[in-house]
Every structure is written in C-alpha cells, then in structure tokens.
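6 protein chains.
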Amino acid sequence: MATIKQPADPEADPRVKAVFDDIRATRKTEFINNLWRFLAFDPALLESTWSDVKKVMATPSHLDPLTKEMIYIAVSVANACSYCVHSHTAAARARGMTAAQHAELLAIVSLAAKTNHLATGLQLPLDAVFDVEASS
Amino acid sequence: MATIKQPADPEADPRVKAVFDDIRATRKTEFINNLWRFLAFDPALLESTWSDVKKVMATPSHLDPLTKEMIYIAVSVANACSYCVHSHTAAARARGMTAAQHAELLAIVSLAAKTNHLATGLQLPLDAVFDVEASS
Amino acid sequence: MATIKQPADPEADPRVKAVFDDIRATRKTEFINNLWRFLAFDPALLESTWSDVKKVMATPSHLDPLTKEMIYIAVSVANACSYCVHSHTAAARARGMTAAQHAELLAIVSLAAKTNHLATGLQLPLDAVFDVEASS
Amino acid sequence: MATIKQPADPEADPRVKAVFDDIRATRKTEFINNLWRFLAFDPALLESTWSDVKKVMATPSHLDPLTKEMIYIAVSVANACSYCVHSHTAAARARGMTAAQHAELLAIVSLAAKTNHLATGLQLPLDAVFDVEASS
Amino acid sequence: MATIKQPADPEADPRVKAVFDDIRATRKTEFINNLWRFLAFDPALLESTWSDVKKVMATPSHLDPLTKEMIYIAVSVANACSYCVHSHTAAARARGMTAAQHAELLAIVSLAAKTNHLATGLQLPLDAVFDVEASS
Amino acid sequence: MATIKQPADPEADPRVKAVFDDIRATRKTEFINNLWRFLAFDPALLESTWSDVKKVMATPSHLDPLTKEMIYIAVSVANACSYCVHSHTAAARARGMTAAQHAELLAIVSLAAKTNHLATGLQLPLDAVFDVEASS
Numbered sequence: 001m002a003t004i005k006q007p008a009d010p011e012a013d014p015r016v017k018a019v020f021d022d023i024r025a026t027r028k029t030e031f032i033n034n035l036w037r038f039l040a041f042d043p044a045l046l047e048s049t050w051s052d053v054k055k056v057m058a059t060p061s062h063l064d065p066l067t068k069e070m071i072y073i074a075v076s077v078a079n080a081c082s083y084c085v086h087s088h089t090a091a092a093r094a095r096g097m098t099a100a101q102h103a104e105l106l107a108i109v110s111l112a113a114k115t116n117h118l119a120t121g122l123q124l125p126l127d128a129v130f131d132v133e134a135s136s
Numbered sequence: 001m002a003t004i005k006q007p008a009d010p011e012a013d014p015r016v017k018a019v020f021d022d023i024r025a026t027r028k029t030e031f032i033n034n035l036w037r038f039l040a041f042d043p044a045l046l047e048s049t050w051s052d053v054k055k056v057m058a059t060p061s062h063l064d065p066l067t068k069e070m071i072y073i074a075v076s077v078a079n080a081c082s083y084c085v086h087s088h089t090a091a092a093r094a095r096g097m098t099a100a101q102h103a104e105l106l107a108i109v110s111l112a113a114k115t116n117h118l119a120t121g122l123q124l125p126l127d128a129v130f131d132v133e134a135s136s
Numbered sequence: 001m002a003t004i005k006q007p008a009d010p011e012a013d014p015r016v017k018a019v020f021d022d023i024r025a026t027r028k029t030e031f032i033n034n035l036w037r038f039l040a041f042d043p044a045l046l047e048s049t050w051s052d053v054k055k056v057m058a059t060p061s062h063l064d065p066l067t068k069e070m071i072y073i074a075v076s077v078a079n080a081c082s083y084c085v086h087s088h089t090a091a092a093r094a095r096g097m098t099a100a101q102h103a104e105l106l107a108i109v110s111l112a113a114k115t116n117h118l119a120t121g122l123q124l125p126l127d128a129v130f131d132v133e134a135s136s
Numbered sequence: 001m002a003t004i005k006q007p008a009d010p011e012a013d014p015r016v017k018a019v020f021d022d023i024r025a026t027r028k029t030e031f032i033n034n035l036w037r038f039l040a041f042d043p044a045l046l047e048s049t050w051s052d053v054k055k056v057m058a059t060p061s062h063l064d065p066l067t068k069e070m071i072y073i074a075v076s077v078a079n080a081c082s083y084c085v086h087s088h089t090a091a092a093r094a095r096g097m098t099a100a101q102h103a104e105l106l107a108i109v110s111l112a113a114k115t116n117h118l119a120t121g122l123q124l125p126l127d128a129v130f131d132v133e134a135s136s
Numbered sequence: 001m002a003t004i005k006q007p008a009d010p011e012a013d014p015r016v017k018a019v020f021d022d023i024r025a026t027r028k029t030e031f032i033n034n035l036w037r038f039l040a041f042d043p044a045l046l047e048s049t050w051s052d053v054k055k056v057m058a059t060p061s062h063l064d065p066l067t068k069e070m071i072y073i074a075v076s077v078a079n080a081c082s083y084c085v086h087s088h089t090a091a092a093r094a095r096g097m098t099a100a101q102h103a104e105l106l107a108i109v110s111l112a113a114k115t116n117h118l119a120t121g122l123q124l125p126l127d128a129v130f131d132v133e134a135s136s
Numbered sequence: 001m002a003t004i005k006q007p008a009d010p011e012a013d014p015r016v017k018a019v020f021d022d023i024r025a026t027r028k029t030e031f032i033n034n035l036w037r038f039l040a041f042d043p044a045l046l047e048s049t050w051s052d053v054k055k056v057m058a059t060p061s062h063l064d065p066l067t068k069e070m071i072y073i074a075v076s077v078a079n080a081c082s083y084c085v086h087s088h089t090a091a092a093r094a095r096g097m098t099a100a101q102h103a104e105l106l107a108i109v110s111l112a113a114k115t116n117h118l119a120t121g122l123q124l125p126l127d128a129v130f131d132v133e134a135s136s
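Chains as they are written, first to last, in the numbering used here: chain Z, 1 to 136; chain U, 1 to 136; chain D, 1 to 136; chain R, 1 to 136; chain H, 1 to 136; chain X, 1 to 136.
Honestly, I wouldn't trust all of these hints.
[To be verified] With a straight-line Cα cutoff of 20 Å, these simulated EDC-like cross-link-like pairs (lysine to aspartate or glutamate) come out: (1) D:K5 to D:D22; (2) R:K28 to D:D127; (3) U:K28 to Z:D21; (4) D:K54 to X:E11; (5) U:K54 to H:D52; (6) H:K55 to H:D21; (7) D:K5 to X:E133; (8) H:K28 to X:E133; (9) U:K55 to H:E47; (10) R:K54 to R:D64; (11) X:K55 to X:D9; (12) U:K5 to H:D127; (13) X:K28 to X:D64; (14) D:K55 to X:E133; (15) Z:K55 to Z:D21; (16) R:K5 to Z:D131.
FYI, nobody ran anything at the bench for these hints, they're computed from the structure.
Let the sequences and hints guide you as you build the complete structure.
Take a look at the structure:
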C-alpha cells in the first residue's frame with residue numbers, strides 16, 4: 001500500500017511520456033517499474049530523479065555496471081529500503097550477478113555492518129595514517 | 001576519545017599476539033590499526049572479528065579486492081561510521097581506487113540514499129517481476 | 001503481523017479508556033489508529049506516549065500543524081518506519097498538505113539524504129562559522 | 001579530518017569557478033562552505049549536487065525557506081550527519097529560526113524517533129484508512 | 001517476497017545438513033526458521049553465520065539468555081529489520097520475557113531513540129568525565 | 001562544537017534549577033552532564049526529557065538497572081549517537097558492567113547488525129510461527 005494513488009494514465013502528461021520513453025530507450029525494455037510510475041504524480045520530481053539515475057547508473061563510467069548495482073544494493077540494505085533492495089538485486093542479476101557473487105555481496109555488507117557497530121560502540125579514535133593532508 | 005582504555009601492551013597476551021602476527025603477515029605491513037588495538041581488550045572478540053575480516057576481505061574470491069572495499073565503504077557511509085569510512089577509504093586507495101572512482105562511488109552512494117528515501121516516503125509496492133519464485 | 005496480540009477489549013481498562021477518550025476529544029474523531037490500540041497492552045506506556053504526542057503535536061505552538069507533520073514524516077522516512085510514514089502522511093493530508101507540497105517534501109527529504117551521505121563519505125570538517133560560541 | 005585532500009585552488013578550474021560564482025550570487029554572500037570546497041575535487045559531482053540544492057532549496061516553491069531548512073535538519077539528525085546538522089541549523093537560523101522554534105523542532109524530531117521505534121518494535125499493521133486507493 | 005528463491009531441498013547438501021542438525025541439537029527443536037533455510041543457498045555463508053550466532057547467543061556466558069535476546073531486539077528495532085524484530089521477540093518470549101518486560105524494553109528502546117536524536121540535533125560535546133584514559 | 005550556545009547560568013531559571021536539583025537527588029551526585037546543561041536552553045524540553053528518563057531509567061522496574069543501560073547502549077550504537085554511546089557506557093560501568101560484559105554486549109550488538117543486514121538483503125519472509133494471533 002503506497003502513500004499516494006498510482007497515477008492512472010501517467011503518459012497522458014507529455015513530460016511523463018518523455019521520461020518514460022527515455023527509460024524504455026535507455027534500458028531497452030518496455031517495462032517501467034513502480035518507482036517511475038508513482039513518481040509520475042509530480043513530473044518535475046520524476047524528471048530530476050530519472051536524470052540523476054540515468055547519469056550515474058546508465059552512462060559508461062569508471063566503474064562497471066555490475067559493480068555499480070552492487071554498491072547500490074549495499075546502501076539500500078543499510079538504509080533498510082525494501083523496494084530498493086528488490087529492484088537493484090533484480091538489476092544486478094540482469095547485469096550478470098551470480099549466486100556466488102550475491103552471497104559474497106551479502107557477506108561483505110553484513111560484515112561491514114558488524115564492524116561499523118563495533119567501531120561505533122568503541123568510539124575508536126582515527127589512526128594518524130588516515131590523515132590524507134599529512135601523507136605527501 | 002574511546003569508550004575503553006587502549007590496552008597498554010596488547011601483545012603480552014599470546015592470543016592477541018597471534019592475531020596481530022596474522023594481520024601483519026596477511027596484510028604484509030607492520031601497521032596495526034586501532035580497531036585491532038582496541039579489540040585486544042577481549043581476545044575472543046578480537047579473534048572472531050579478525051577471522052571474519054580475513055575470510056571475507058583478505059581471501060581471493062568472486063569479487064576483486066577494490067570492489068569489496070568500495071562495497072564496505074558504501075555500507076559504512078550509510079551506517080554513519082566515521083572510523084570505518086576512514087579506514088576503508090584508505091584501504092580502497094591502497095588497492096588502487098582513483099579520485100575519479102572515489103567520486104563515482106560517492107555519487108552512487110548518495111544517489112542510492114536519495115532513491116531509498118523516495119521509495120520509503122512513497123511506500124512503493126513491489127513490482128511483480130521482482131518475484132524470483134514466479135520467474136521460472 | 002504484529003509482535004504482540006492486539007488487545008481484545010482495550011477500553012475495559014479504565015486507564016486505556018481515559019486515553020482513548022482524550023484521543024477522540026483532542027482529534028475530534030471516533031477513529032483510534034493501531035498505534036494506540038496496540039499500545040493498550042501496557043497502559044503506562046500508552047499514557048506516556050499519548051501525553052508526549054498530545055503535548056508536542058496537538059497543542060498550539062511556534063510551528064503550524066502542517067509543518068509539524070511534515071517534519072514528523074521526514075524523520076519517519078529516514079528511520080524507515082513504514083507505519084509512521086503512512087500515519088503521518090495521512091495526518092499531513094488531513095491538515096491540508098497538497099500533492100505539490102507532498103512532492104516537495106519528498107524532494108527535500110531525498111536531497112537531504114543525498115548530501116548527508118556525501119558529507120559522511122567525505123568526512124567534511126566543520127566550517128568555523130558554524131561555531132555558535134564564537135559568533136557574538 | 002576528511003577522506004580527501006581539500007582542493008588547494010579550486011577556482012582555477014573554470015567549471016568549479018562557475019559553480020562557486022553561482023553559489024555566491026544565489027546566496028548573496030562571499031562565503032562558500034566546506035561541502036562545496038571539497039566537492040570541487042570532482043567538478044561533475046559538484047555541478048550536479050549544487051544544481052539539485054539550488055533547485056530544491058534556493059528556488060521559490062510551495063514551502064517557505066525556513067520550513068524547508070527544518071525538514072532538512074530533521075533528516076540530517078535521523079541520518080546522524082554531523083556536518084549537515086551544523087550547516088542546516090546555521091541556514092535555518094539565517095532564515096529566522098528562533099530558539100523556541102529550534103527547541104520545538106528538536107522536540108518533534110525526537111518524538112518521531114520515539115514512536116518510529118515503538119511502531120517498528122510492535123510491527124504495527126497498517127490501518128485500513130491509510131489506503132489511499134480505497135478512499136474515494 | 002524474498003530476493004532469492006528458497007532452496008528446494010537444502011539438506012541434500014551435506015554442509016547444510018550438518019548446520020541444520022546442529023541448529024536442531026543446540027535449540028532442542030525440529031524447527032528451522034527462514035533465516036537458515038534461505039542462507040542455505042550459500043553453505044559457506046550459512047556456516048559462518050550459524051557459527052557466530054551459536055557462539056554469541058547459544059553458549060553460556062556473562063549475560064543471561066533473556067538479556068541477550070532483549071539487546072538483540074533493541075538493535076534490530078533501531079536497524080528497522082522487520083524479520084529480526086519478529087524472530088528475536090519470539091526468542092525472547094521463549095526465554096521467559098513477560099508482557100511487562102516487553103513493554104519496558106520498548107519503553108527503553110524508544111526513549112533511547114528520543115535522546116539519541118536530541119543529542120545528535122544538539123551536537124553535544126562530550127563531558128570530560130567520559131574520558132576513560134583520564135580516570136585512573 | 002554544539003549547535004546552540006551552552007546556557008551560561010542555567011540554574012538562574014527556577015524551572016531549570018528544579019530539574020537539576022532532582023537529577024542530583026535522584027542520581028546522588030553533584031555532576032550534571034551536558035545533555036541537561038544544553039537542554040536548559042528550553043525549560044519545557046528539559047522537563048519533559050528528564051521526566052521520561054527518570055521514569056524509565058531511574059525507577060525500580062521489571063528489568064535491573066544494568067540491563068537497562070546495556071539496552072540503551074545497543075540502541076545508541078545502532079543510531080550512531082556518539083554522545084549517547086559515551087554517556088550510557090559510563091552509566092553502565094557505574095552500575096557494575098565488567099569488561100567481559102562490555103565485550104559481550106558489543107559482540108551481541110555487532111552480530112545483530114550483521115544478521116539485520118543479511119535478513120534485509122534477503123528480504124526474508126516471516127515464519128508462520130511468529131504469528132502471535134495464531135498461537136493460542
């Protein structure tokens with residue numbers, strides 16, 4: 001159950017249609033997932049969100065597409081976003097994530113959470129070597 | 001300022017010394033960072049934590065070492081662990097992370113946080129295609 | 001599915017009835033939402049929680065009722081509380097929140113999350129001008 | 001201590017200079033805070049972040065500037081971003097936030113956190129009235 | 001709906017069977033909950049996770065079993081992990097947690113969240129007496 | 001560095017003095033920590049916060065004082081509240097927490113974080129036995 005009504009005929013709005021068309025062209029699929037279908041309730045928010053996602057996630061860059069999706073999953077798990085964990089696990093799998101890589105991703109994410117909580121519980125002081133200004 | 005006193009002479013305890021020796025051998029450096037120096041206050045906790053970190057982060061696996069460190073940073077940022085962000089950014093840099101890759105990592109992490117909050121604010125329903133049991 | 005059984009006849013307990021009566025009188029509605037129906041399992045916890053909510057959210061103050069609900073939603077999203085996002089989005093709407101204001105709230109919340117993660121990833125030092133003791 | 005070196009002469013890069021000039025013109029002040037000074041290490045990330053902040057926070061909209069800053073603070077507190085709590089508390093004060101409004105903001109944020117944790121601990125089921133699709 | 005398919009016949013794998021047998025023997029019950037049934041998709045992750053849980057939660061130690069479960073619930077609530085809140089509330093109840101203790105646990109957890117957000121909103125400086133190195 | 005100026009002579013306000021007197025009498029010490037010294041900037045917020053803390057943490061109840069402090073630490077770690085981790089670790093130690101108990105607390109907190117992230121990453125379905133309405 002969402003907090004807003006899903007827009008009934010979102011592509012009747014030409015700004016929404018333009019974004020949906022770009023999603024379909026960029027992703028080479030007819031499928032538009034719910035994030036975009038619901039964001040259509042506010043075309044400006046839809047446009048700026050898609051613009052960000054396209055630029056960061058769907059443009060060739062210094063990191064390969066699968067690595068990018070795994071980083072996205074890691075953040076989504078830590079932020080406890082159920083929808084995002086699902087949508088980006090699907091995206092990572094579409095980019096070739098194997099079961100073994102998925103298991104390893106979860107092992108790293110959960111280990112990081114473990115040492116995050118240890119370090120915060122101990123309130124560890126920073127090591128001097130972490131000072132990037134000093135290291136020259 | 002930490003919540004416990006840093007153990008004064010941790011390697012006087014043979015269990016601590018064994019872990020520190022393994023850290024030095026595994027990482028090929030004399031440097032032992034504060035996480036381990038403080039965890040030495042409880043040898044059992046030190047041993048189990050290092051055992052986990054060694055197995056997940058310092059053993060050849062399905063993901064390359066730099067990818068693993070970037071995933072670790074992503075979780076540490078989302079969990080707001082200052083010490084861990086510092087220590088794993090240093091580790092990623094030691095594994096070759098460039099400034100451009102670091103910037104891209106931060107762009108992905110912050111974008112994920114943005115859509116995590118959007119999806120949670122909208123309480124988006126899951127798309128049927130995310131159902132892995134149905135897709136056969 | 002909740003972690004406790006919903007109390008079957010909560011108002012049989014006069015302490016619960018007194019709180020429910022005050023909720024109805026304060027909110028001018030017969031409707032009592034699940035937070036209160038479940039908290040009735042412990043009258044002391046019910047009383048102290050309602051007392052807080054009434055004082056902070058249902059008493060004229062320095063901020064208008066809609067602003068207060070939007071701040072409440074913002075925290076609930078960041079804390080990933082599904083129930084609270086729903087209940088306070090409904091409350092904000094009852095206080096006049098328009099679709100455009102809702103979209104703007106989500107834009108601010110998600111942008112804040114984005115820069116929160118950037119600032120934590122960079123471990124930014126505080127600017128001297130933020131020092132309120134110095135500015136006199 | 002930051003995770004990257006602060007760029008020494010950021011405005012030597014014309015893309016950075018253009019953003020800094022726009023920040024100064026938009027905010028009508030010579031002061032550029034550390035978020036932007038450090039983001040200058042990657043002009044593309046600087047540009048996209050400032051573009052977002054300008055559009056959402058520095059453009060007249062459906063919410064007044066002080067309300068927007070208070071919502072920003074609320075998210076930053078819940079995400080435990082020390083830098084952001086400082087910078088946006090300063091910004092809210094610059095937009096007229098009184099001590100009484102600040103106290104009330106903190107009262108709402110901390111109350112929301114309290115009921116967020118109660119609702120999550122109880123795993124409350126959603127009330128039927130929250131269903132926006134059903135309410136017509 | 002999970003992000004992976006539940007393994008169909010997990011105990012066909014002898015490593016999984018060994019873990020499941022140990023869970024049954026340790027907990028003195030035939031019941032294996034979903035955490036383990038799904039982790040069976042990666043025997044190594046299953047083994048290391050169960051090893052941790054057995055050592056920390058199912059071995060006599062300095063804290064009694066009920067206290068340990070209540071601490072586990074507290075973290076799970078703060079991390080917004082729905083599954084974990086459910087599973088550990090059930091475990092705490094199996095170790096004798098009364099409704100009054102449960103209510104008190106929730107009162108402490110939600111109060112802690114409240115003052116956590118207050119302290120973060122105020123960015124309180126540490127008191128000198130918290131310095132364990134100084135107190136000798 | 002805090003976000004507000006520390007009130008210079010807080011006990012000049014009789015409402016603040018009454019709270020401080022009660023803190024001293026309840027805790028049997030002259031020491032007033034910074035949480036209260038800063039909350040004095042708003043006597044109403046000070047009163048309601050102390051009232052909550054006194055009732056939940058400083059009144060004999062179903063849980064012993066040390067258990068209560070350890071639960072408080074657990075939440076504070078998960079919420080990444082540096083000040084609260086320090087103040088409640090000090091409080092737990094004052095109530096007799098040994099180094100071994102502290103290590104065990106951290107082991108439980110960090111293990112919970114680990115399985116919280118695993119369960120969220122897997123999006124585990126709830127087991128039917130967790131349904132308290134069904135178990136009669």
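For this session: List in ascending order the numbers of the hints, as given earlier, that are violated by the structure.
Result: As far as the earlier hints go, 1, 3, 4, 8, 11 and 14 are violated by this structure, in ascending order.
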